[in-house]
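These protein sequence lines map, in sequence, to chains L and X. When we follow my numbering, the leftmost residue of the first sequence carries the number 1, and every step to the right adds one. When we follow my numbering, the leftmost residue of the second sequence carries the number 319, and every step to the right adds one.
Treat each hint with caution, since some may be false.
Unchecked claim - Lysine-lysine pairs mimicking DSS-like chemistry, simulated, CA-CA at most 25 Å apart:
#	chain 1	residue 1	chain 2	residue 2
1	L	Lys283	X	Lys518
2	L	Lys90	X	Lys601
3	X	Lys556	X	Lys518
4	L	Lys37	L	Lys58
5	L	Lys58	L	Lys90
6	L	Lys283	X	Lys601
7	X	Lys355	X	Lys408
8	L	Lys175	X	Lys355
Said to hold, decoys possible - Some chain X residues flagged as far from chain L (calculated, every beta-carbon gap over 10 Å):
#	residue
9	Tyr477
10	Asn478
11	Asn570
12	Ser603
Keep in mind that the hints were calculated from the coordinates and are not lab data. If you're wondering where the values come from, they're calculated on a predicted model, not measured in any experiment. Backbone N, C-alpha and C fix where the C-beta goes; we use that ideal spot for every residue, glycine too.
2 protein chains.
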Amino acid sequence: MRYYIGLDLGGTNLKYALGDATGNILVKLTRPSWADKSQESIFVNIFAAVEKLLEIAKENELDVAAIGVGSPGNVDFNTGRIVGQAANIKEWADAPIRERLQNRFHLPVWTDNDANMVAIAEARVGAGRGFNHIVFITVGTGIGGGIIINGQMYRGGNYNAAEIGHMCINYQGKKCPCGGTGCLELYAAAPAIVNLYISKLREAGYQENEDLISTELIFDRAKNNDVLARETMDFACKMLGIGIANVVNLLNPQAVIIGGGVAEAGEDYIGRVRRYVFEHALKPSLIGLRILQAQLGNEAGVTGAIILAADNTLNFTN
Amino acid sequence: MRYYIGLDLGGTNLKYALGDATGNILVKLTRPSWADKSQESIFVNIFAAVEKLLEIAKENELDVAAIGVGSPGNVDFNTGRIVGQAANIKEWADAPIRERLQNRFHLPVWTDNDANMVAIAEARVGAGRGFNHIVFITVGTGIGGGIIINGQMYRGGNYNAAEIGHMCINYQGKKCPCGGTGCLELYAAAPAIVNLYISKLREAGYQENEDLISTELIFDRAKNNDVLARETMDFACKMLGIGIANVVNLLNPQAVIIGGGVAEAGEDYIGRVRRYVFEHALKPSLIGLRILQAQLGNEAGVTGAIILAADNTLNFTN
C-alpha cells in the first residue's frame, strides 16, 4: 500500500497529513503557516512539515509515493506554480511549489488551489460520494468553488474555472473590484451579508457595536425572529440560490455542495438556499438534484491534497 | 471506410446527409419536415429520408455503420427519446427516436438535441478546431448552447446542460416563462432585440410597420448610424457579453463560438460582444480566449449528427 502527504496552506495555519488513496487520514498535524514571512520562510516551514510526516512514515514503515499541496491563489496545475498574487499570503506570488518540493524530497508533487482541494475531497469522500457531476461552492469572505465532471476535477483552459463568486446576477449592479458588475459575492458573501444587516440596523435607528456583527450573529438572530436579521438572511439565500440556479442551468450537475464559513449555519441556511434554487432553475435540471452541506469541515483541504496526489500518481504510473 | 447517416430535424425542414467520421459530407439532401403532422407521419418522412441515403450508399458500395439524429427538444441521450414537448413540432413529445429507427434499419442510432449537434460539429470541424474546452452559444428566437469538455460533449446529469439562455443576469428583472427571473434571453435573443427597438421607435414618436422589423434590419440600420438601432444593438451585445463573461468565469473555456440567426450579422456583432466579454470577465480566464463566429452555417446540424453517430459507434465497437 502507498501513502501520500497532503498539505493545506492557509493564511493562518498549515495543515499537513498522511493518508491513503481513498482519503483515509492516518496522521494530521497543524502549525502556523508563517503567512506574513518571506517566501523562503514559508517554504522552510513547509519542508519541516513534510519532513515530520516522512519521519512518521518511516517509523511506521509506510511508503510515501507523492505529495499534494493545496494553496490559495491561482495555481497553474501543469507547472505547479502560483500565478500572480495569492490572497492572504503576501510573499507567495509566483511561488514555484512543485519545483521547490520536488527538488527537496525527490517525490512527485501536485498542487492546486485550495477550493479545488476541498471540492475533490467532498466529491470523493464527503457529501458528493456517488455522484459524477458535482459543483462545490464555498461561501465565506468570498465565493469560490470547484467543478467535478465525470468524477474528475475540471480546471478549464487556464486552470481558472469555477469562479462562481464573479457571476453577474445584476447587470445594473455595483462594480466589483474584479472588473465585473453585480457579481454574486457582492450580494451573498459574508461581508455583503454583514454590510446589509448593518445598513438595515442604521436605517431602523438601532445603535450597535458594528464590529461584533458577523454572519453567525445574524443567522442566530434570524433564528430568534429578529426581523431585520431574517430579511438579511433571506436576501443572501435568494442571491446564492439564483447564482446556483445559473450554475444548475449551465451544468446540470447531480449535486451542489455548499461549504465555507457561512454554510456552517447548517440546514437553516442550506434549506433556504435550496428553496430558491428550486424556484429559479429549469425543471428538467432539478430532477434528482441534491443541494447538500459540505461534510468534511476542517479536514477537507488535506484530504483533497492527498487525493490529488494519489489520483495523479496513479495516472502517472499507469 | 465506414459511413454514417446524419439527420437534422427542424420545424420547417428535415436535412439528411451521408458522411464519414471526420464530418466530411458526400451527399446532403433536404425535404420538408412535416412538423405540423402526426408523430407517425414525421417518422414515415424520416424513414423515407434514411432509405434514400441507404440507396445512394448501396449504389456507391459504401458501408453505412450508424445513424445520428439531431432533434429539437430535451433528448435523453441514454434512451434516445425526446423528454416532454419539443419546440416547433407539436406531435413530437416523447418521440422514441432510437427505438423506431433501430427497429426499422437495424443500425445503431444516436440522438441528441440540435444545439448539441451544432456544438459538436463546430468544435470538431468548424470554428473550434484545435480547442479542447469550448462553449457554443446559439442566438436566435431563444439562446441555447452546447458545452465541450476535453473534446467531448458534456450533457449533464439529466442531459439538460448548457441552458445558457436561462441564466439570470438581473435578479430584479422580468419573470421568464421558464420560471426564472431576468434570464439572458429576455435581453439578448432576437425577440428581445426587436421589442427593444420597437419601444425605442415608439418612444421617439416614429411610426413604422412593426411587422417588418427584424434583427437584420436593426443591425443594418445600426451600421448606417441610426442612433436607436445602434443603442439597441449595443445593449443586446452588452447583455450577451455579460452572459458569456459568466460562462467564461465558470468554465474558463479556450473558445466561445457564437452561432444562430442573430450571429449571422457577423463581425459587427461578434466584435462588440467580444469587447463586453473582455470588459466583464476575470483577467486570468481571458488569456488566449477566442470568441468566434460559427463557421458551418446550414450544414452544422447534419455534420454534428454524423460525428455523433461516428463517435459513439467507434466507442461502441472498441
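Cross-check of the supplied hints:
no., hint, verdict
1, L:Lys283 x X:Lys518, "34 Å, violated"
2, L:Lys90 x X:Lys601, "20 Å, holds"
3, X:Lys556 x X:Lys518, "17 Å, holds"
4, L:Lys37 x L:Lys58, "30 Å, violated"
5, L:Lys58 x L:Lys90, "34 Å, violated"
6, L:Lys283 x X:Lys601, "33 Å, violated"
7, X:Lys355 x X:Lys408, "8 Å, holds"
8, L:Lys175 x X:Lys355, "52 Å, violated"
9, Tyr477, "8 Å, violated"
10, Asn478, "4 Å, violated"
11, Asn570, "3 Å, violated"
12, Ser603, "5 Å, violated"
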